[in-house]
Each structure stands twice: as C-alpha cells, then as structure tokens.
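Given chain A, put chain B in place with the hints provided.
There are 2 protein chains.
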Amino acid sequence: MAAFQAPSSISSSSSTFLVHNGFSLRSSKICPPRSRTWVLKCVAAPPNSETAHKTKVSRNENMAKLQAGYLFPEIARRRSAHLLKYPDAKVISLGIGDTTEPIPDVITSAMAWRSRALSTIEGYSGYGAEQGEQKLRAAIASTYYGDLGIEEADIFVSDGAKCDISRLQMLFGSNVTMAVQDPSYPAYVDSSVIMGQTGEYYNDIKKYGNIEYMRCTPENGFFPNLSTTSKTDIIFFCSPNNPTGSTASRDQLTQLVQFARESGSIIVYDSAYAMYISDDSPRSIFEIPGAKEVAIETSSFSKYAGFTGVRLGWTVVPKELLFSNGFPVAKDFNRIVCTCFNGASNISQAGGLACLSPDGLKAMGDVINFYKENTAIIVDTFTSLGFNVYGGKNAPYVWVHFPGRSSWDVFAEILEKTHLVTTPGSGFGPGGEGFIRVSAFGHRENVLEACKRLKQLYK
Amino acid sequence: MAAFQAPSSISSSSSTFLVHNGFSLRSSKICPPRSRTWVLKCVAAPPNSETAHKTKVSRNENMAKLQAGYLFPEIARRRSAHLLKYPDAKVISLGIGDTTEPIPDVITSAMAWRSRALSTIEGYSGYGAEQGEQKLRAAIASTYYGDLGIEEADIFVSDGAKCDISRLQMLFGSNVTMAVQDPSYPAYVDSSVIMGQTGEYYNDIKKYGNIEYMRCTPENGFFPNLSTTSKTDIIFFCSPNNPTGSTASRDQLTQLVQFARESGSIIVYDSAYAMYISDDSPRSIFEIPGAKEVAIETSSFSKYAGFTGVRLGWTVVPKELLFSNGFPVAKDFNRIVCTCFNGASNISQAGGLACLSPDGLKAMGDVINFYKENTAIIVDTFTSLGFNVYGGKNAPYVWVHFPGRSSWDVFAEILEKTHLVTTPGSGFGPGGEGFIRVSAFGHRENVLEACKRLKQLYK
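In the order they appear, the protein sequences are chains A and B. Note that the UniProt record's numbering numbers the first sequence so that position 220 is 220, with each residue one more than the last. Note that the UniProt record's numbering numbers the second sequence so that position 312 is 312, with each residue one more than the last.
Take the hints with a grain of salt, since some may be wrong.
Note that identical chains are pooled: a pair holds if it fits in a single copy or bridges any two copies.
[Claimed, not checked] With a cut-off of at most 30 Å between alpha-carbon atoms, the simulated BS3-like pairs for lysine-lysine come out as follows: (1) K65 x K135; (2) K54 x K417; (3) K231 x K56; (4) K393 x K372; (5) K206 x K455; (6) K90 x K135; (7) K56 x K417; (8) K85 x K135; (9) K417 x K135; (10) K231 x K54; (11) K455 x K90; (12) K362 x K455.
Just so you know, these hints were derived from the structure itself, not from any lab.
Isolated chain A (complex conformation) (with noise of 0.2 Å):
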C-alpha cells in the first residue's frame, strides 16, 4: 500500500540488509519506555557474510511484493530519526490513531478483579471458547445489534480488528478479487498482498494490480462512484473512514448494499469508529435492509475505551451470508477462528463486558467527547488557515487537502518545523496524496500546543 520509498536498502534479492540511515539499530537512546520507536530494533541484523547457509526454502513470492515497511512502523522510524536529531525536541504525536486517555475505572476495575480471580479456584478459568465468552458475545449483540436481527451466535470475538482482517483474508484464500475505498487502512490491502490475491505493485501509478482502488475524493463526498467500479469479490469499506473521517450516509450505504446485492459480492464492513458518530448516520451496515445477506462486519474496542494495548474486538458474521454454493461463510469463519486463534484474552474480555455496562458505556462516551472535542479544536484551527479540511464530525480523524503537494512532503515539513508528527495520506494509498491525516487523539494541552505550533508555521 505505501506509496512511499524505502528508506533502507532493503532487497528481497540480497542477503543482507543495511541499517537505517547509518544509525544503530541497537541503541537504546533511541527506544524511550512506552513508545513504539523501539520497532526499529524489532528484527536484529543478520549475518553479513556471504557464506552462511542459506536454506532452500523460497521466500513468499507475495511477501517480496509488499512495498517498504508498514506505514506506521514507518512514521514511527522517521520520528525516531527525528528524535536524534532534535534530542530536546517535544514531538507530539498526532500520527497513528493510538488511545491516549486513561481507561476508566469502571473497565479496569473490572479488568483488576478477572486477574485477581484467576489465583483462586472459584475464578480460575482456561481455555475459552474460541468464539468469546458468551456474556460477552450477547452483551455485543444486544449493544450494537439489538434491533437489527444480530445474534448472539454471530458475533465472534476478537483481539482487535487489525487481527480479524488477517483471519478474514485466510477465510477467503487467495483466488478471490477485492475492492478498497482509496485512500483507505493499509492493512486491506498489505494482507490482500500476503494471501496473494493481487498482481504486483506498479510504481507509476502507485496500486498493486488485481485490486479495484474505489477513489474518495471531496469531488465525490469520499464516497466511490459505483456505477465504474468493477465487480469484485470482497469490497472492503471503512465508514466513519480511515483516514478520511468521512461517513457514508443511509442512501449511500444503501447504494453499497445494492451493489454487492447484484454483484454478488461480501461487503467487509469496518465500523471501528462508529461510536464517534454524532448524526444519523447508519452506525452497522446491518442498518440496511439486505445487508445480512452480503456483509461481515468488523469492529473494535481500541478506540471507544482505550483498548488498543489491551486488544479485544470482534467481527460478525451473520448466518444468512452464504458463500455462492450455499455453504455459510460463518461456519467456515469459525473453523479458520478454532484453528488460527484461540480467542481473546479472559482479562481483555472481563474489560469488554465492563465497557457494555451502564457505567462502561457512559464512561466510554465520556471518552469519546472527550477526543471529539479535540477534534473540533484541530479542525478549527486548519479551518482558520485557510485549508481544505474534511472528516472530523463523526471521527477522530481531520484529513487536510494541501493541495499540489506530496504528503510525505507534507509530513516532513511539519515534522521538522513543528516537531509534530501526523500521517501523510499516500500512506494510505495513491487517492490520499497531497492530504494529511490528523489523529485527534491526544492530552488537550499536547492538541492545543500542537495547534499553535501549526498556526506559527502556516500562519
């Protein structure tokens, strides 16, 4: 997906590979606790001799397909980078969408309790169903789904939906086609690439080939034109949208389901972001009529309850959606779920059934306010520059047109006149160059002075 170059020599040819920059990997200077720059130590160097052995194993023909390294680890490498340079600098992160605010009490209390309870007899508890816990598993369903016709039974749960594409992409194996909104998350795409469903990465134009790239632009209220999009098997769909902030409304959602209705295709429906909608806006493709028949849809706890360490999720797989011969894609879901994963963590779990409460929900809303305001104050401040800014209202992300420009370039120039890190939107693939994405999720005053800094520089 990163339409971005490599900055290491990194050679699916060569049996070795050079260390960044020429800076040590192995510093410690460079691995501050609690961050994610230490990524950059997550592999050690290898042998550098031509004569160690080699097995005959053949690398993954898919693997040597993806281009440079995840976005994010990516950012988080540029950032380190930055850091050596600047050792003194406050960077403040408004790069990946990573939680910032505590959990509440109510969850981790909760949370507390289930690993206390697992040192007595009473409360000790193994294997869990690969499925879920069933409380939680209802409580999921009676939430989210309570009037739309979810069951229970359809619910798997999960350790994030990062992890539930991965499974869904092995469910499909790689002879199917997949659609994704451009720009849109890389992880889509980048598993696409690993099960091998697509063709190889063209520079030129920035896509892999075999993937049908449904451009959003501001021209089309991010929503494709589906009337020249091709028929595909998988149509992956992110709404509120990753990175773009914006929301499909009903009628447009409802156009969708249309579309896969005829073309025969599954919808993988990322609704990750729903509890930040503040209009009406379907919060679940399973709002619109039909769309059992058509749609997975995958969500997550991370970024309603601060659940990105902790990791719980979960994706539905509704029983009426058949694979063409009849046979229930959920069935097939639940074997690839009993034998790739033996289900999220009963901690983690504990903690989901908590945020479901009556305390949890309040509290996790309270949360969500709390990073909508941010939003605003973000989306105020690009406003009063005078750019082009999108998304925002139903998400936490601020997607900023600075139009003629590369985003990396974009990104760089703010990394290195603001010490402020944010995603540049061809990360997200080729429909989200010129953009940058800004994660609103942050401590207020870190958003505030980052909105000065950002005034300073384009005022």
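Structure of chain B alone, referenced to chain A:
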C-alpha cells in the same frame, strides 16, 4: 487432520446444514458457565430456504478440504452430548490440555496492577510494539536462551503458539511443502491445509496429499526415521511432544538439525512443554549447534503459568535464518506480525514479565511440579492395569496404547462407562490410531477419582 466422521451432515455443496444429532444448538442448558461446551452455539443456524440470496463468492477450496471439525471442539461436542444423556454425571476432563490450577498470586497481582495502572495518566499505554514489550522480550531471551546466542530482537511475543503457527504459515505461503510428526498437534496440518500447501484428504489412509507424515511409534522411540523421510521445506517438530509425551534426546535433535541443514529445510520447533522436562533432554532446539540457521522455535506461557485463557506466547526467529535467496526470515515474519497482528495484550504481557521474575519462576515451577505429580499418578494407574504407557516423564501427557482398537471407540467407551473425557489418538493423525492421550491437567481429587474409575473399568 481429524480422522473421524463428521457427526453432523455438513456438505460443502449443500445450502443448509443440520443441527447435531437432533438436539438444539441454541439450548442454554448445554452451556454451563466457563465451559467450552457452548462452542456448539458458535455458529447460528443459517437460513434453510433454497431461495436465500447467495453471494457469487466461491468458497475457498482449501477450507473445503478440511475434515470434520477441529479436534477439540469435536470433543467438546461429544462431552455436551454425554451431559445431555447423563445430566447428573460428574464428568471429569482429562481431554483437552487445559490447565486447571489457579495462577500464582505473584503473577495475577502484576496483571491486576497493570490493569489498574491503565486508569492513570502515567500508567496508561496504547498500542505497544507489535513484537512485544522490550522488557518482556529481553526477559524471555535471558531466561530461556541466556547462553544460546538468542537475543531480545530475535523474540516475537504473541498471543499463543497456535496463533503464531498460523502466522508462520502465512509467512511461508502456499508453495512450500511440509512434514509433521505423526501423530502431532492438529493445528500444524490444519493450518497447512488452510494455506493451500496440501493436496486432498485421502480417507482410506487418513492423510492429506503433499504432507510428509513422519511416523512416531513406540518401535522407533517416537523419533522419525529420517533416512526414509522425504525432504520438505518446513518440518514441524514438537518436543516434548503433544500428544505422545515423548521427548527427543540431544542426539536425536542433533540428527534432526543435521537433516534440516542437508535438506535446506526450516524446522518449526514447538517447545510449549519444555519446562516439563526433568532429565537432560534439550529444552530448546537452539541448544543444538547450527540450529539457529535452520530453525524457528515457538513456545507459550499457557502450560507453564496456566495462561491458556490469558493468552501469551512467543516465537524465536533467529537473525541467522535465511531464505534461499539470503533474505532473513525474521524480516518477513516481522512484516506479518506488523500487518496481521497488533501485539499481545499489555496486561497479559505484564503477567508474562512477572512469570519470569525470581518469584514467578519459582511459582511456575511449583505448578508444573503439581501437574507432574498428576502425571505420575496417571502413569502408575495405567501401568498397574497392564497397559503399555508412554510419555508422562517430561510432559503432562500420557499416551496409552489400546492395540487393535479404534481410538474413538476407546474414547467413547471411557466416556460412556466412567464419564471421563480423554482425547482419541487418531485425532492427532493416523499414527495415533489405537492410542488415547490422557492429560494430566486437573485438580488432584479429580485425577484421583478418574484413576479410581479407570481401575474399575479396566481391572
């Protein structure tokens, strides 16, 4: 893998599937709390109308190759059916290898503390590094691989060995060949089938095409005859072995590493039971000279700390391991981990770190010793009854021979007559036919009661 008949009528070409044996899957009566039996409810009943909308997406043909259900859910299903038949029976499970003893307080305290800290500004953490927290990686490296040349950066923390096996299969892709011990843990073969590495299943020989089944029997000391083993890209090897409980000696593992070096293969070494070793057998494949250039090792806190529900494991991908083109395997595994996974739960990782403290290591050792006492009781019981019994010395599994009998028949006989759940050996591959795996995970009084019932049955 499963060499048994599907109990329900599930056809890949049918648009409906029947409920199991006529009893409702939706009854809450068969779903006691904290039981795996409710996996029966995992997939809701699909619409059985021929007029239902079907997508045009073809079912993944690899999924269609899989035989019946994954072994352990199938056992859970039979257990539930037994409970329906004998609602007052005190069923004791020595079946799935699920830990039963409370987690030592030193470990759960750390998890409770980390949970609570997430409610504070200082203690909150969001996304961690996908590869795991630095301190935990370092602690795993020093505790288990201190003098073996394995470094922190070679360690990838995960949510369990089963999950990592699947991620490793994504890494390898569909064009590799693989070998497994026969019998072996079903996830190796099933994930291989899902990834498309295998041919069809041959019901007459209970094997998939294009897999090398390395027969492990009492006659060869449960170590395969490598002189007649076909060369494959990948060799899955588990020691101490699940299900046979046997452990490969240093000499045998030296042979295995030599075989892999000569064949150009990659060994995926599963050491999830290594802490159960009480003799001088190697606890890691990396104790064998030259292994770092040919082996990956996957392991887990599940059976050490009772973390089957907490979910925490790790995989070692040494920097010295190279594909045929010299590209480091770790580099691609890192990409898989970053794209398809988002790290283990931060709370679980806090637990893992506590496990590796001096007090935690002692506490884990005590629990392991408790299970090893259970093992000795079970071994003595079957031995006294005149059975040939294997394993048990270095593993929590006892492998009991019932020559000339079907494993599922023996499983059914024991369940019917003693209300004990075991695991049929044939569920682990054709080489397991005629054996039963008895797990030593259980409360002492249950193990004693189980042995009493077995003595009555087989006296």
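Results of checking the hints against the structure:
1. For the identical chains of this complex, K65 and K135 are neighbours neither inside a copy (42 Å) nor across copies (33 Å), given an alpha-carbon limit of 30 Å.
2. Neither within a single protomer nor between protomers do K54 and K417 lie at most 30 Å apart by alpha-carbon distance, with minima of 45 Å and 55 Å respectively.
3. Proximity of K231 to K56 under the C-alpha cut-off of 30 Å is restricted to the inter-copy arrangement: shortest distance 10 Å between copies versus 40 Å within a copy.
4. In the homo-oligomer, the alpha carbons of K393 and K372 lie at most 30 Å apart inside one protomer (8 Å), although the nearest pairing across protomers, at 59 Å, exceeds that limit.
5. For a Cα distance limit of 30 Å, the shortest separation of K206 from K455 qualifies neither inside one copy, at 32 Å, nor across copies, at 70 Å.
6. For the homomeric pair K90 and K135, the shortest alpha-carbon distance between copies (25 Å) is at most 30 Å, but the shortest distance inside one copy (44 Å) is not.
7. In this assembly of identical chains, the alpha carbons of K56 and K417 never lie at most 30 Å apart, being 49 Å within a copy and 52 Å across copies at closest.
8. In this homomeric assembly, K85 and K135 come within 30 Å of each other (Cα to Cα) only across copies, at 26 Å, whereas the closest approach inside a single copy is 51 Å.
9. Taking identical chains as interchangeable, the C-alpha atoms of K417 and K135 are never at most 30 Å apart, the minima being 50 Å within one chain and 33 Å between chains.
10. Proximity of K231 to K54 under the C-alpha cut-off of 30 Å is restricted to the inter-copy arrangement: shortest distance 16 Å between copies versus 43 Å within a copy.
11. Proximity of K455 and K90 under a CA criterion of 30 Å is satisfied intra-copy only: 17 Å inside one chain copy versus 71 Å between copies.
12. With identical chains, the CA atoms of K362 and K455 are never at most 30 Å apart, being 34 Å at best within one copy and 57 Å at best between copies.
Violated hints for the displayed structure, listed by number in ascending order: 1, 2, 5, 7, 9 and 12.
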